[in-house]
Amino acid sequence: MVVLLLLGIACKEKPAGEASAPSGGALIGAALSLTGAAAVYGAQQRAGIQAAAEEIAQGGGPKLQVLIEDDGSTKEQGITVFQKFINRDKVSAILGPTLSNTASAADPLAQQAQVPVLGISNTAATGITDIGNYIWRDSLTEAQVIPGAFKKAREKLGFKTAGVLYGNDDVFTKAGYDVMRKTLADQGIKVLDTQTFAKPDRDFHAQLTALIGVKPDVVVVSALADNAAAIVSQARQLGWSGPILGGNGFNSPAFIKNAGAAAEGVMVGTSWNSLSQEPANQKFLEAMKKRGVNPDQFSAQAFTGVQILAEAIKRAGGKTGREEIEKGLGLVKDLDTPLGKFSFTPSRDAQHDPSVQQVKDGKFQIVQ
Amino acid sequence: MDLFLAYQSLIAFVGINGLLALSVYATLCCGQLSLANAGFMAIGAYTGALITQHARGVPFVAVLAASALLPAIIAVPLGLPVLRLRGVFLAIATIGFGEMVRLFFVNWDYTNGALGLVAIPQRTHLWTIFLALAGALYLLGRLRGSRAGYALEAIREDETAARTMGIDTTAHKLAMFVLGAAIAGVAGALEAHLTFMVAPSGYGFGRVVDMLVQAVVGGTAAFFGPVIGAAFLTVLPEVLREAGARLGFAPGPFRLFLNGAILLVVILFLPNGLVSLLRRRRAA
Chain A
1 MVVLLLLGIA CKEKPAGEAS APSGGALIGA ALSLTGAAAV YGAQQRAGIQ
51 AAAEEIAQGG GPKLQVLIED DGSTKEQGIT VFQKFINRDK VSAILGPTLS
101 NTASAADPLA QQAQVPVLGI SNTAATGITD IGNYIWRDSL TEAQVIPGAF
151 KKAREKLGFK TAGVLYGNDD VFTKAGYDVM RKTLADQGIK VLDTQTFAKP
201 DRDFHAQLTA LIGVKPDVVV VSALADNAAA IVSQARQLGW SGPILGGNGF
251 NSPAFIKNAG AAAEGVMVGT SWNSLSQEPA NQKFLEAMKK RGVNPDQFSA
301 QAFTGVQILA EAIKRAGGKT GREEIEKGLG LVKDLDTPLG KFSFTPSRDA
351 QHDPSVQQVK DGKFQIVQ
Chain B
1 MDLFLAYQSL IAFVGINGLL ALSVYATLCC GQLSLANAGF MAIGAYTGAL
51 ITQHARGVPF VAVLAASALL PAIIAVPLGL PVLRLRGVFL AIATIGFGEM
101 VRLFFVNWDY TNGALGLVAI PQRTHLWTIF LALAGALYLL GRLRGSRAGY
151 ALEAIREDET AARTMGIDTT AHKLAMFVLG AAIAGVAGAL EAHLTFMVAP
201 SGYGFGRVVD MLVQAVVGGT AAFFGPVIGA AFLTVLPEVL REAGARLGFA
251 PGPFRLFLNG AILLVVILFL PNGLVSLLRR RRAA
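Note that the protein sequences, when read in sequence, are chains A and B.
Read the first sequence against the working numbering and you will find it ends at 368, with the numbers running on by one and no gaps.
Read the second sequence against the working numbering and you will find it ends at 284, with the numbers running on by one and no gaps.
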């Protein structure tokens, strides 16, 4: 009884068809993790999306109304938000969700309902775009970033052996490690020792002592930003002066801030070149500065996501139906974005050039 | 119809969380604070997902049966020693078991470690969930007023006194522990086949706290109390999402804050749970 009553209340509060698209515009849903474990990324994404929507409206592009909802970093809420977008708000397309886990749980619903989804931060190699033809993403997978980054780092530093440290209880860092292991093997670099840690860990002395003890040429780390800062600081304290290669988790201003001087020299592959002088990137940087947000890869990818949807609508002749946007997405090619010239691969994944950056004087600098 | 489609997953989660709250209630009703159920849920979810992915053609009923059976079997050798512990010590020991299960799946390469299993076919329907929920409710409802039910109540009130009266306390406690494990296992399998994926991060300590809070907020004085609590706490965030949007709040932490505040008010003013509201009305 009470269940029905509660649902009754829940339904009554929701007048149907309240959020219909404005005439001549497209309604886009964005499922972001604004609370919970991934809230740091969600906040950046929200800023990027809002900035892009404004930018496009001012530039005379197709009108986009973006409906942002919080998925609480959980797959349950992600699913609920997706079904609300699809069946109640009747959005033309969906941006997100922030986490790959949530994407593998929620994206199949959009595929079933034939609503195009554009992932703006999902980096898991499998289980995202292979869900079906309505699932796209503008985020490079680890497998697209890490091999290039390692190759460039090896040209600069010339290492032959490595010690590896990774977080094995997190999706991001475990997926990153899987690619690192394969890359190291492919490039003929010998792994002398592999150590693991868990997200709640704060003390990494035991693992680092073991790694430094085998005297590798380079230490490779796959960790989230807060762990990464602690790992790098403690490695320097233990006297490790050699090079450190980081995974995707290092791509955050928070990493440099927390690690301080210890971060100097750390190299990491990235899908966003923050120093790019291309007009598209300068426009993005300016828009974020206006909002008082220190941009990172996540806001850049979110900004790009909105640009791609606008371009898809343009290519579909200004039509904003789900089918038209789906077709339009397939026609997006060489679009100028903060990420560089953007196209999709045949498997609907992102295709643009990744770059390698290194911390110098407390800032990420691009390695040429 | 659109409204139903938009919220069908929410209704499904109400049912699944109801099952999970009942699984905690199974041990709670004989006074045992066991927090092993996220672990049992994980075992059920992985068992079901692996069978579905590797043995095509196995009927879903059989998958669910296996997902109930394996946690139940594991619960026997686990329950025998840990149910000797009382109160907070039992809670700590069972939390330890839950963490063991989670770490097992984090380190098991066959199931992709922390990445989990993806692309699990969707086989759970609303009616499967609510049939399972009705079954669990029927089972626990029938216990009330039965010989075993009285024995469980006696154990809850005073375990030593119950034993001196000739009640086999160990057998009764173990039976409820195993029942709770089986219900949690089924709920895990139902969820895995609803959300297309399983990953160890979904079965951490936080998950079992959610189950416990739902059971307590609903009220453990009545066997259906936990289901009410689960429904309330599952629907509340979505109601607040809507209310927040209409009041002009940006989506974000505000919703969590209100959620916590309402939870606090319920616990303060209805210490016996939401079911005490029904009782009060009946008495008036």
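Think of the hints as simulated: they come from the structure by calculation, not from any bench.
Treat the hints with care, since some could be wrong.
Claimed, not checked - Partner residues aside, some chain A positions facing chain B, computed with beta carbon under 7 angstroms: (1) Glu54; (2) Lys63; (3) Gln65; (4) Ile68; (5) Asp70; (6) Glu76; (7) Ile79; (8) Arg88; (9) Asn101; (10) Asp169; (11) Lys215.
Where is the CB? At the ideal position from N, CA and C, for every residue including glycine.
Checked hints:
1. Because the smallest distance between the Cβ of Glu54(A) and any Cβ of chain B comes to about 16 angstroms, over 7 angstroms, the interface hint for this residue is violated.
2. The beta carbon of Lys63(A) comes no nearer than 21 angstroms to any beta carbon in chain B, farther than 7 angstroms, and the hint placing it at the interface is violated.
3. Taking 7 angstroms as the C-beta contact cut-off toward chain B, the hint placing Gln65(A) at the interface is violated, the least distance being around 14 angstroms.
4. At its closest, the beta carbon of Ile68(A) sits 6 angstroms from a beta carbon of chain B; the interface hint therefore holds under the 7 angstroms criterion.
5. With 7 angstroms as the threshold, the beta carbon of Asp70(A) comes within range of chain B, its nearest partner Cβ sitting at about 4 angstroms, so the hint holds.
6. The restraint placing Glu76(A) at the interface with chain B holds, with a minimum CB-CB distance near 5 angstroms, inside the 7 angstroms limit.
7. At about 5 angstroms, the closest approach between the beta carbon of Ile79(A) and any beta carbon in chain B falls short of 7 angstroms, and the interface hint on this residue holds.
8. Here the hint on Arg88(A) is kept, as its CB sits about 4 angstroms from the closest CB of chain B, short of 7 angstroms.
9. Because the smallest distance between the Cβ of Asn101(A) and any Cβ of chain B comes to about 6 angstroms, under 7 angstroms, the interface hint for this residue holds.
10. Proximity of Asp169(A) to chain B holds as hinted, the smallest CB-CB distance being about 5 angstroms (cut-off 7 angstroms).
11. Given hint, Lys215(A) at the interface with chain B, is violated; its Cβ is 27 angstroms from that chain's nearest Cβ, farther than 7 angstroms.
When each numbered hint is compared with the structure, violations occur for hints 1, 2, 3, 11.
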